[in-house]
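**Student:** Sequence:
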Amino acid sequence: MFLFFMQTICMRRDTKLGILTSFTAKKLEKQLTDERNALRDLSYRELWQRTRTYWKRYIVISECIETICIDVAIEAYLIGVHYSRFIYYGESTEAVRGRCIDEYTQLLYELYEHMKKYGDDMYDACARYIDEWWKEGVEKGLRRQRLRLK
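Numbering of the sequence shown is given in UniProt numbering, commencing with residue 1 and proceeding in unit increments.
These are computed hints drawn from the structure, not numbers from a lab.
Be a bit skeptical, because a hint or two may be false.
Here are the simulated SDA-like cross-link-like pairs (lysine to any residue), alpha carbons at most 20 Å apart as the crow flies [as the list claims (entries may be wrong)]:
| hint | residue 1 | residue 2 |
| --- | --- | --- |
| 1 | Lys135 | Asp120 |
| 2 | Lys116 | Tyr44 |
| 3 | Lys140 | Tyr44 |
| 4 | Lys135 | Ile74 |
| 5 | Lys116 | Lys27 |
| 6 | Lys116 | Arg128 |
Work the whole structure out from these sequences, hints included.
**Tutor:** In structure tokens:
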């Protein structure tokens with residue numbers, strides 16, 4: 001009934017009805033745009049070098065593990081960028097970390113599954129690695145918020 005009422009109002013104004021789109025499609029489109037813009041601040045060379053220098057303390061890194069580590073670093077970075085807006089609006093870092101704990105632990109377990117064959121003590125190294133990239137994402141996200149970059 002409500003939709004019919006809206007149609008009659010639009011018809012009286014002599015305008016065409018717009019195309020109905022779902023909010024999830026718009027939200028996904030906005031998220032992809034934001035992620036693309038956030039990744040402009042991150043160079044692949046820097047990512048590759050930092051991954052190499054971090055993991056060479058623990059293991060001899062293969063190309064396959066290197067690719068997995070870079071993928072996880074990008075995801076942790078993007079999670080940090082996404083949740084940095086809560087810090088910008090006044091929440092503490094620990095409260096924000098609590099907000100994204102599900103994504104954070106999923107990344108941690110995903111990386112640890114690939115690294116545990118190198119030793120059982122790799123869990124802490126994986127946690128520090130993800131935390132380092134999450135903090136980097138938060139810093140870059142706060143910078144983007146302050147400068148009002150889109």
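**Student:** Does each hint hold? Answer for all of them.
**Tutor:** Structure-based check of all given hints:
Taking the CA atoms of Lys135 and Asp120, the gap is near 25 Å; set against the 20 Å cutoff, the hint is violated. A C-alpha spacing of about 26 Å is found between Lys116 and Tyr44, which places the hinted pair above 20 Å, so the restraint is violated. The straight-line distance between the Cα atoms of Lys140 and Tyr44 is roughly 15 Å, inside the 20 Å bound, and the hint therefore holds. Our distance criterion of 20 Å between C-alpha atoms is met by Lys135 and Ile74, whose separation comes to about 12 Å.
Distance restraint check for Lys116 and Lys27: the Cα-Cα separation of roughly 36 Å exceeds the 20 Å cut-off, and the hinted pair is therefore not satisfied. Straight-line distance between C-alpha atoms of Lys116 and Arg128 comes to about 15 Å, which keeps the hinted pair within the 20 Å bound.
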